[in-house]
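Protein chains in written order, with this note's numbering: chain A, 1 to 427; chain B, 1 to 323.
These are calculated hints, taken from the structure and not from any lab test.
Virtual Cβ for every residue (Gly too), placed ideally from N, Cα, C.
Be a bit skeptical, because a hint or two may be false.
With beta-carbon atoms standing in for the labels, derived distance ranges [what the hints assert, rightly or not]:
hint, chain 1, residue 1, chain 2, residue 2, range
1, A, H52, B, E174, 20 to 30 Å
2, B, E303, A, I174, 51 to 61 Å
3, B, I7, A, F177, 28 to 38 Å
4, A, F190, B, P316, 53 to 63 Å
5, A, I174, B, K51, 30 to 40 Å
Stretch by stretch, here's where chain B covers chain A in the computed footprint (C-beta under 8 Å, at least three residues) [said to hold, decoys possible]:
hint, stretch
6, 87-100
7, 311-318
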Amino acid sequence: MKLSLQQQIYFFTITSCLLFVILVISILWSTQVIDVASQREKYAHKVQDHTHILQQFITSENIAASNYNTKKWLSLENKFKELLRLVPHLTPQQHTIQSSIDSKNKNVIRLFNAINTNKLKNTEAIIKKHLKIRLLTQLEAIRSDSIQLSTLAQKDIKNIIKNQIIFVLSILAIVIFTLIYGACSLVKIFRTSLEEVKIAFEKNHSGHFQKIQLSNKSEEFTSIAIAFNVMNQKLSSTTVSLESMKKIVEERTHELERLSNTDPLTKIANRRALFERGNAEFTRVQRTKSQLALMMIDCDLFKNINDQFGHLFGDEVLKNLCKVCNKEIRSIDFFARYGGEEFIILLPDSELSGAVQTAKRIQRSLAKNCTAFEGKNVCVTVSIGICTVSDKHENFEHAINDADAAMYQAKINGRNQIEIIGDNFSH
Amino acid sequence: MMLLIIIGLVGLYLNLQHLWEPLKHSVKIAVSKTPLSTPFYVAKSIKSFDKTCVNVEYSEVLGGQIAFDKVMNGEVDFGTSSDSVIAFKSLSKQPFVTHAMFVQSDNDVKLITRSSDKIKSVIELKGKKIGVTKGTASEYLLSMLLAIEGLTMEDVKLYDYKPKGLIQSFSNEEIDAIVSWEPFVYEALQLFNNKVKIHDTKSLSTLSFNLISQKADNQLVEKAKCVIQGLQTAINYIISNPKESKKIVIDELKLDPAFIDWVWPDYIFKLGLNGSLILNINAQATWAVETQMSEFRDVPNSERFIDSRALIQVEPGAVNIPL
Numbered sequence: 001m002k003l004s005l006q007q008q009i010y011f012f013t014i015t016s017c018l019l020f021v022i023l024v025i026s027i028l029w030s031t032q033v034i035d036v037a038s039q040r041e042k043y044a045h046k047v048q049d050h051t052h053i054l055q056q057f058i059t060s061e062n063i064a065a066s067n068y069n070t071k072k073w074l075s076l077e078n079k080f081k082e083l084l085r086l087v088p089h090l091t092p093q094q095h096t097i098q099s100s101i102d103s104k105n106k107n108v109i110r111l112f113n114a115i116n117t118n119k120l121k122n123t124e125a126i127i128k129k130h131l132k133i134r135l136l137t138q139l140e141a142i143r144s145d146s147i148q149l150s151t152l153a154q155k156d157i158k159n160i161i162k163n164q165i166i167f168v169l170s171i172l173a174i175v176i177f178t179l180i181y182g183a184c185s186l187v188k189i190f191r192t193s194l195e196e197v198k199i200a201f202e203k204n205h206s207g208h209f210q211k212i213q214l215s216n217k218s219e220e221f222t223s224i225a226i227a228f229n230v231m232n233q234k235l236s237s238t239t240v241s242l243e244s245m246k247k248i249v250e251e252r253t254h255e256l257e258r259l260s261n262t263d264p265l266t267k268i269a270n271r272r273a274l275f276e277r278g279n280a281e282f283t284r285v286q287r288t289k290s291q292l293a294l295m296m297i298d299c300d301l302f303k304n305i306n307d308q309f310g311h312l313f314g315d316e317v318l319k320n321l322c323k324v325c326n327k328e329i330r331s332i333d334f335f336a337r338y339g340g341e342e343f344i345i346l347l348p349d350s351e352l353s354g355a356v357q358t359a360k361r362i363q364r365s366l367a368k369n370c371t372a373f374e375g376k377n378v379c380v381t382v383s384i385g386i387c388t389v390s391d392k393h394e395n396f397e398h399a400i401n402d403a404d405a406a407m408y409q410a411k412i413n414g415r416n417q418i419e420i421i422g423d424n425f426s427h
Numbered sequence: 001m002m003l004l005i006i007i008g009l010v011g012l013y014l015n016l017q018h019l020w021e022p023l024k025h026s027v028k029i030a031v032s033k034t035p036l037s038t039p040f041y042v043a044k045s046i047k048s049f050d051k052t053c054v055n056v057e058y059s060e061v062l063g064g065q066i067a068f069d070k071v072m073n074g075e076v077d078f079g080t081s082s083d084s085v086i087a088f089k090s091l092s093k094q095p096f097v098t099h100a101m102f103v104q105s106d107n108d109v110k111l112i113t114r115s116s117d118k119i120k121s122v123i124e125l126k127g128k129k130i131g132v133t134k135g136t137a138s139e140y141l142l143s144m145l146l147a148i149e150g151l152t153m154e155d156v157k158l159y160d161y162k163p164k165g166l167i168q169s170f171s172n173e174e175i176d177a178i179v180s181w182e183p184f185v186y187e188a189l190q191l192f193n194n195k196v197k198i199h200d201t202k203s204l205s206t207l208s209f210n211l212i213s214q215k216a217d218n219q220l221v222e223k224a225k226c227v228i229q230g231l232q233t234a235i236n237y238i239i240s241n242p243k244e245s246k247k248i249v250i251d252e253l254k255l256d257p258a259f260i261d262w263v264w265p266d267y268i269f270k271l272g273l274n275g276s277l278i279l280n281i282n283a284q285a286t287w288a289v290e291t292q293m294s295e296f297r298d299v300p301n302s303e304r305f306i307d308s309r310a311l312i313q314v315e316p317g318a319v320n321i322p323l
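Looking at chain B on its own, in the form it has when it is part of the complex (with noise of 0.2 Å):
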C-alpha cells in the first residue's frame, strides 16, 4: 500500500515536474567563431540553456558580419555581431535590434607591421599599403589611429580583404600592414614566427560582442529572454570557473592554449545595454559617415537598434539607457 502511494507520488511529481517545464522553442543562432563567443560554448558546454524555454543551435560563422547576414536574411534568429559591425549596419537602416552585449575587449583589433620594415609609429603608416576588412571593427581603428596621428585614410593606400585574406596578403608582401582582429592577429604572430611587430593599440578601440535579432516581436523578445537567461548562466560560471571555461574554448575551436592565454585577460564578459554602447554605435557610424567609409550620409538614432525588453527581465541592472 505505502509502495503504491510513493510510486504515485514520484509519478505526480515527475508529471508536474514536465507540466512546469517552460514551452521549448527551437531557435538558431549564428555563432561567429572567435574567443569572444565563449558566452555561447560554456552555455553550450554546461547545458545552461536545458532550463530556458529554448532548444538551442548554433550556426557556426566566421565573423559578426557573416552572422549579421545570416540574421538578416532570416536563415537564423539569432546571431552575435561585434558593435562596428552594428554601427556600419545601422546607417543601412536594416530592421534589426540588439538584444544584449556580453562580452568586450580593448585589444581585440590590432595593427601588424612586419619588423623589418621598422615601424615605430602610425605616422610612419603613411603612404604605405595597409590591408583592413571594410565595414568592420578594422577599418575603423585604423582610422581612428590615423587621426590621432593627424592623418586620414587618403593618407594611405587602403585595401579591403577578408579576415584569411588580409593574411595571405600580408604573407604574399602584398601590403604592408594589416588591421586585424584575433584569433587571426594571433594566427598571423605564429605564422610569420615572431617576425612581426604588433603595435599597442590598446584602448584605442573597444569591441563588444552583441546578440542580434531582426526587429523582434513579442515572441522574439520572448526568445530572447530565454537566450539570455543562459547566456547570463554561462557568464556567471565563466567569472567564477575561469580555467574550466578556457578548456572548453579551446576544446571547442580547437585552439592553440597559449592563444586563449594572449587574449583572455582583455575579455570583460559581462552583460550589459548601455549608454556607452549607444554612444559607441554612434560614434563609429557617425565616424563612418564622417570619414566616408560608408556610402550612407546620414546617422540614424542609434538607440532604434537596441531592444532592452529581454535583458531587463532577465537582469534589470543590467539595462541603464539614458532618457
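The shape of chain A in the complex, shown without the other chains (with noise of 0.2 Å):
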C-alpha cells in the first residue's frame, strides 16, 4: 500500500504520539508499580521494628513470673495483629513470606500462652530459659522474613526501575529512529521531486518540452507531474519554438528580399538590385582600384515585335534575352534588368577586351537562339553599349551614362553593334 505524503506524516505524527503516550502509560504503570512495592517495603520495615520491640519486651520481661501480667504483651501483639492484617497486595514469593510471617506469629503467641498458662510451675529454670528462647527465635524468624521482605521490595524497585530505563530508552531510541527515518524520507522525496519539477520547468524554458519523471513517487507530486506533463504535451503541440520561427522568419525575410531584388518578369535582378549591387561594386573599384565594366545592352526595334507579335510575345522575346545573356556571363558577373527592353551587365575584374568579348558572344548565341513563334522563329539583335569605370566616373549612374551613351551609338551605328566608351577610346 502506497502511502501519500499527508498520509505519511498522519502517519508518523501518530506513531511518535501513540509511542509518546505508550511512554506516559509505562511512566504512569511504573510510577503505581513502585508505590505498591515502597508500600510493601514499608510494609516490611513496620514489621520489622514491631518484632524487635517484641523481641527487647520478652528479652526484658520476665513472662513466666507466677505475678506476671500479660496487658502490656497482649496490647503489643493485638498491635501487631493488627499491622499484619494491613498487609498490602503482595507477589506470589513476597505472600509464601507473608504465610511464614504469620504462622510464626502463630507459634510466638501459642509459644507464649503455653508459658503463661501454665507459669512454668514446676519447671527447671533452664527449661525456662530454653523455652523463652525459642520464643525470641520464632520472633527472630520473623524478623528475618520481613528483612526478606523488604529485600524482595527493594529489588522489585531497582528492578521497574533498571526495566523502565530500558523501556523509555528503547522507547526514545524508536521514535528518534522513527522520525530520523520519516524525516529523511519526507526530505529525500521533497528534494529529489522538487529538484526533478525545477529541471522539468528550466527545460520548458528553453523550449525542450520535457516529461517529469519521478524517481520517488508521491501521490502528491505525482498528481503535479501529471498536470504538468498534460500541460506540456499542449504547449508543444501548440508552440513554435524560438528557433524554428526564427528560421521562418529569415526565410520569408530572404524570399520578401529576393523578391524586392527580381525582376517578376524576367526573374533576372531589377534595377534596386542594380543599383545596390553596382554602388557596391563602384565603391570597391574606387577602393581596390581593381577593373569593372559595364554593359548596356538593349533590344534593337522591339516596340516593332511588340507591334507585329503583340505584347506577350515581346515578354517571351526578353525572356529569352535574357536566358541566352545569362549563360554567356561568368558567374561573378551581374544581370540585371535596367528597365523596358534595357539591360545592364556589370563585369567585375574584367577587362574591356573581355567585356568585348562577352558582348560578341551573347550576340552570336542570340542569333543562334530565335524565339519561336507559331511555327516561325523570330530572331532579335542587341545594341550593346560598353564602359569601364574609371577616376573620371563620379559615382554609378556616371558609369551607366556612358553606356547608355555608347549603346545609344551603337544604334545609331546600325543596330546590332558594340561600342565602347572608354579611357582611351571611344566611338
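Given two chains presented individually in distinct reference frames, assemble the corresponding complex, making use of the accompanying hints.
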C-alpha cells in the first residue's frame, strides 16, 4: 500500500504520539508499581520494627513469673496482629514469606500462652530459659522474614526502575529512529521531486518540452507531474520554438528580399538590385583600384516586335534574351533589367576586351537562339554599349550614362553593334 | 548463497550456545523421602537443574539422619536434613555445613495416643511408655511438650525406634504414645482407622529442611550454588503452581492425595539462611545437652555450621545472619 505524503506525515505523527502515550502510560504504570513496592517495603520495615519491640519485650520481661501481667504483651501483640492484617498486595513469593510471618506469629502467641498458662510451675530454670529462647527464635524468624520481604521489595523497585529505564530508552530510540527515518524519507522525496520539477521547468523555458519523471513516487508530486505533463503536451503541440520562428522569419525575409530585387517577368535582378550592387562594386573599384566593366544591352526594334507579335510575345523575347545572356556571362558577373528592353551587365575584374568578347558571344548566341512564334523563328538583335569604370566617373550613375551613350551610339551605327566608351577610345 | 549463510549462522549459534553452557558437575544428593523434599521432586520434574552447572542424581533415603550419614561418609555430595538433625549432629562437631533452608513446617512432628486411652493433655503422659526416634525432632518435641507441663523425660518411659518401628510398636501396644513426623503420622492415622488421637502440637516445634554437605571448599560451594539455583526455580514454580506441584509429589512418592492435602497447608517453601535457623539449631543443641538427651556436654557455636556463600550468590535477600 503506497501512502501519500500527507498520509505519511499523519502516520509518523500518530506513531510518535502513540509511542509517547505508551511512554507516559508505562511511566505512570511504573510509578504505580513502585508505589506498591514501596508500600510493601514500608510494611516490611514496620513488621521488622515491631518484631524488634517484641524481642526487646520478651528479653526484658520475666514472662514466666507467677504474678506476670500479660496486659502489656497483649497490647503489643494485638498491635502486631493488626499490622499483619494490613498487609499490602504481595507477589506470590512475597505472599509465601507473609504466610511464614503469620505462621510464626501464631507460634509466638501459642508459645507465649503455653508458657504463661502454666507459668511453668514445676519447670527448671534452664527449661524456662530454653522456651524463652525459642520464643525469641520465632521472633527472630519473623524479623528475618520481614528483612527478606523488604529486600525483595527493594529488588522489585530496582528491577522496575531498571526495566523502566531500558523501556523508556528503547521507546525513545524507536521514536528518534522513526522521526529521523521519516524526516529523511520526506526530505528525500521533497528534495528530489522538487529538483525534478525544477529541471522540467528549466527545460520548458528553453523550449525543450520534457515530461517530469519522478524517481520517488508520491501521490502529491505525481499529481503535479501529471498536470505538468498534460500542460507540456498541449504546449509542445501548439507552440513554435524561437529557433524555428527565426528560421521561418529569415526564410521569409530572404524571399521578400529576393522578390524585391528580382524583376517579375525575366526573373533576373531589377533596377533596385542593380543600383545596390552597382554602387557596391563602384565603391570597391574606387577602393581597390580594380577593374569594372559595364555593358548596356538594348533589344533592337523591340517596339516593332510588340506591335507585330503582341506584348506577350515581346515578353517571351525578353525572357529568351535574358536566358541567352545568363548563359554567356561569368558567375561573378551581375545581370539586371534596367528598364523596358534595356539590360545592364556588371563585369567585375574584367578588362574592356573581355567585356567586348562577352558582348560578341551574346550577339552570336542570340542570333542562334531565336524565339518561336507560331512555328516560325523570330530573331532579335541587340545593341550593346560598353564602358569601363575609371577615375573620371563620379558615381555609378555616371558610368551607366557612359554605357548608355555607347549603346546609343551602337543604335545610331545601325543596330546589332557593339560600342565602347573607355579611357583611351571611344566610338 | 543465502541458504548457506543461514545454515552457517544457525550452526554458529548452536555452537556458541554449547560453548556458553556452564561446565556441568555431577552431583549426588541424598533426598529424604518426604513431601518436605518437594522442591527436589519438582526440580527434577520441571528439569530446573538443566540450566544450572550440575547434573543431579538423587539417592532417596528414609529420614534426614540417613541422608546426613550418607553425606558424612562421602556417599553423596549433598543431603536434605532437618534442623533437629543438624542440631544434634553439631554436638559431635562433625565437619558439615548447611547451605540453605528450603522448607519449613511448624506442624510436622506430632504426638499420637490411642483414642481409647482418652489422654487429653500432655501431663497425662506421666509414667507412660512413649516411643520416639532419638536424636531427631521427635525427641525434641516430646521434651518440649513435657517441659511446658512441668515434666521431664524422666517422668516418662522412653523407647527409641526407627520411624517404621514406632508404628509397629504402637500397633503391638508395646508403647502408649509415639512422637513421629509425617508421613508416618498420617500412616498411623490410616492404619489405626481413626482410633488414634493426634494432639495439637502445632507451633511448638518448627521443622525446617536444609541442604547440607561436608565442610565446603570453593568447588563444593560452586556446586551448592547450582543446586540452590535449581531449587529456587522449583520453589518459584511451587508457589505459582501449587496444584501441579502437589501432583508431582503424589506421583513421585506414590502418596495418597489426601495425605498431601493434609500436610500441605503447614509447609512454607522458601529459601533462607537466617538468625532464626542459627538460634533454632543452637536452642535445640543446648536443649539436648541440658536435658541430657545427648552424650555431648558442650554446645558449639552454630554459626560454624552455616555456609552462606552459595545462597548469597543466588538470592542475597534470603541471607540474613546477624553479625
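Results for each hint:
no. : hint                          : verdict
1   : A:H52 <-> B:E174: 20 to 30 Å  : 49 Å, violated
2   : B:E303 <-> A:I174: 51 to 61 Å : 52 Å, holds
3   : B:I7 <-> A:F177: 28 to 38 Å   : 31 Å, holds
4   : A:F190 <-> B:P316: 53 to 63 Å : 57 Å, holds
5   : A:I174 <-> B:K51: 30 to 40 Å  : 31 Å, holds
6   : 87-100                        : holds (count 7)
7   : 311-318                       : violated (count 0)
The earlier numbered hints that this structure contradicts are 1, 7.
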